[in-house]
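Since the structure of chain V is already known, use the hints to place chain F on it.
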Amino acid sequence: MAADSTLIVLDSSQRKRSDRLGERGFLYVTLAATLVAVGVLVAIAVKVFDLAAPAISKFGVGFLWSQDWNAVTNRFGALDFIYGTAVSSLVALAIAAPISIAIALFLTELAPKWLRTPVGALVEVLSGIPSVVIGLWGILVLGPIVESQVEPFLNSFLGWIPLFSGRYSPVGLLPAILVLTIMITPIVSSISRELLSRVPKEQIEGALAIGATRWEMIRGVMLPYVGPGIIAALILGVGRAVGEAIAVTQVIGTTAGIRSSLFGPADTLASRIASQYQGAVSNLQVSSLAYLAAILLVLSLLFNLGAQLIVRRVERSRG
Amino acid sequence: MDDTPSTPRSDLKPIQISERTRPGSSTRDIVFDVQKLSLHYGSTLAISEITVPIYKNHVTAFIGPSGCGKSTFIRCLNRMNDLVPIARVTGQVLYHGQDLYGPTVDPVQVRRHIGMVFQKPNPFPKSIYDNIAWGLKILGKKDNLDDRVEQALRKAALWDEVKDRLKSSGLALSGGQQQRLCIARAIAIEPDVILMDEPASALDPISTTRIEDLIHELKQDYTIAIVTHNMQQAARVADMTAFFSLDVSEGRRAGVLVEYDETTTIFTRPADKRTEDYVTGRFG
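Note that the protein sequences, when read in sequence, are chains V and F. For the first sequence, my numbering begins at 194 and goes up steadily by one. For the second sequence, my numbering begins at 1114 and goes up steadily by one.
Chain V with its partners taken away, still in its complex shape:
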């Protein structure tokens, strides 16, 4: 019954030499690639903080809530741009979230089968349009429409709110918000669509089998199931909006200051860096721009970590 044990060779020397080397080589290649990725992240962070060091030591944390940005007096602060970034990103997110979820629901549940794939592909294509092209479209098409149609319309209904009052303009926060909405929506909707399509069939049938309508099933079963994943997608979307420079620069008016109206110009962290780095007149200004970049870097890391934490927690709770 038992095989003659001397005939069974378990020794690694039996493997071909090239085979053994190949396995080791494969490990090193993949390890090197991983290290490069981590190394680049660290190198960028080091460089940004190194460049920002003079501004950090001169202005300290007070930089975060200073409204100065004056190249003549060499006084700089980030508050205007933090405000511009926060308002443009969050309002864009607030508009994009329901639209994205609606698109995703339509494409997974409601649209006829033959329509789903082509329309889904088109939405994906939208996410691939370079931001500079969207920005250009923002200048040429969106801005004039905002000035002549959208802002007068909002003003006539909501003009009593300071956000929707003031002089109409083709550049400013509102066009920036709309451009960002257009950029976030395809990302969030395609992730949401993926999530919705993975809701187990058993769950859907379970809900319908007790007499739920399609909408009750979506609200009671599908959305709770994908909710955390959609929140993670929204965080990734807002991360994209926060970091977007070019398209925002093109339509926001690149003017420092905090204005109560969405119709007025503003500026964001990313947009300020992109628009001023070339023309910076002093080392301190360059350093202050690097300080803005450092804030942006920390923000984007936080957004990504937040999204990952949510996804991981959900995966764990589902076992």
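A portion of the hints provided could be inaccurate.
Short, incomplete list of chain F residues facing chain V, as computed with Cβ under 8 Å [claimed, not checked]: (1) Tyr1154; (2) Gly1155; (3) Asn1191; (4) Arg1225; (5) Phe1231; (6) Trp1272; (7) Pro1318; (8) Ile1319; (9) Leu1359; (10) Val1361; (11) Gly1364.
Think of the hints as simulated: they come from the structure by calculation, not from any bench. Heads up, the beta-carbon is just placed ideally off N, CA and C, and yes, glycines get one too.
The following block gives chain F in isolation, referenced to the frame of chain V:
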């Protein structure tokens, strides 16, 4: 009856059939009168011209080899096949005399009267309480919610095991408990019929026994149709048994109803050779 249920194929003797109470056959009320029901997936015929009555407060079992359309058939009874866009139904399913596939029939209303329990336990990722309360809420049965939840759990023989942890997740229960939770969920909305699609096939033998005991109790109040690939199970729980088979004649592969009779007859004196081969273990 010297044959034990655990050794169905040891010889050709019929499987043990448990004693059951049955109303007199002359006074049986018909809940479903299925007439020449066929279903196509696209151009492929899946089940062909099924004609079968299903009686009130009876347990009716649908048995047969894999792929013979038992599940497809039972899913026609609560219009669950509507979810498959390419599925097309012909023939009639008369439910208390109304055609379920009539032009004005709302499948949502159909499913409120005809509940379903699935092969794989599928509780919602909600608390035990909310798994049952959710259906009640969407159906507008919001009064005495706590009582209704308790009653449903009691009827599903789960109350004693979960009464102290109604707020914990339904997914934290064992497989057998999850399936009883799903039965409770179906019962809670006070249906008339409960369809069960291989409800114990994913469960261990002890959990299976509990589900079968439960089926016995539930038939006092409900009409039950159960698909099973387990012949002993059909013999143990069902009053009536329908044997489905795959008809491969004329180049087609469609599920057909071979024989339908009282369970005792199907397992002891089947009229059709194919039924006999199947229940005695020579085939399938």
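Cross-check of the supplied hints:
no. : hint    : verdict
1   : Tyr1154 : 14 Å, violated
2   : Gly1155 : 12 Å, violated
3   : Asn1191 : 7 Å, holds
4   : Arg1225 : 3 Å, holds
5   : Phe1231 : 6 Å, holds
6   : Trp1272 : 19 Å, violated
7   : Pro1318 : 23 Å, violated
8   : Ile1319 : 23 Å, violated
9   : Leu1359 : 24 Å, violated
10  : Val1361 : 29 Å, violated
11  : Gly1364 : 28 Å, violated
Hint compliance for this structure: hints 1, 2, 6, 7, 8, 9, 10, 11 are broken, all remaining hints hold.
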